[in-house]
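Enquirer: Sequence:
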Amino acid sequence: MQSITIELTGSNSLKALQKLEQKHLIRILKEPDFNSYSLPDEPISNEDFRRWVEYAENSPKVSLNEAKHRWAEQKKALQKLIH
Numbered sequence: 001m002q003s004i005t006i007e008l009t010g011s012n013s014l015k016a017l018q019k020l021e022q023k024h025l026i027r028i029l030k031e032p033d034f035n036s037y038s039l040p041d042e043p044i045s046n047e048d049f050r051r052w053v054e055y056a057e058n059s060p061k062v063s064l065n066e067a068k069h070r071w072a073e074q075k076k077a078l079q080k081l082i083h
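Residue numbers are given in the numbering used here: position 3 of the sequence shown equals residue 3, and the series is strictly consecutive.
Calculated from the structure, these hints are not laboratory results. Take the hints with a grain of salt, since some may be wrong.
What follows is a set of in silico ranges between Cβ atoms, one per label pair, in the way DEER data are often shown [said to hold, decoys possible]:
(1) Glu7 - Trp52: 34 to 42 Å
(2) Ile44 - Leu81: 27 to 35 Å
(3) Thr5 - Asn58: 43 to 51 Å
(4) Ile4 - Glu47: 38 to 46 Å
(5) Ile6 - Ala72: 29 to 37 Å
(6) Trp52 - Leu17: 42 to 50 Å
(7) Leu17 - Asn58: 39 to 47 Å
Ideal placement from N, C-alpha and C gives every residue a C-beta, glycine not left out.
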């Protein structure tokens, strides 16, 4: 038996999975494992996760207005590359 964690992206995703469950091809677990970090890519260890959080907490802070301003500038630059 193998276990995977998935993220449903469409409104019909759950219905499709429920059909597979009715055919006894999969089993949908009602109790998720909250010790699993839902990040794309390879799983990380608890220690790596703690280091990542510590790094984020110690990173330079910016105000919400500054973050919005930086994003607006970056968005303009990206749109120029696209067009």
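Enquirer: Checked against the structure, which of the hints given earlier come out wrong?
Expert: Those not satisfied are hints 1, 3, 4 and 6.
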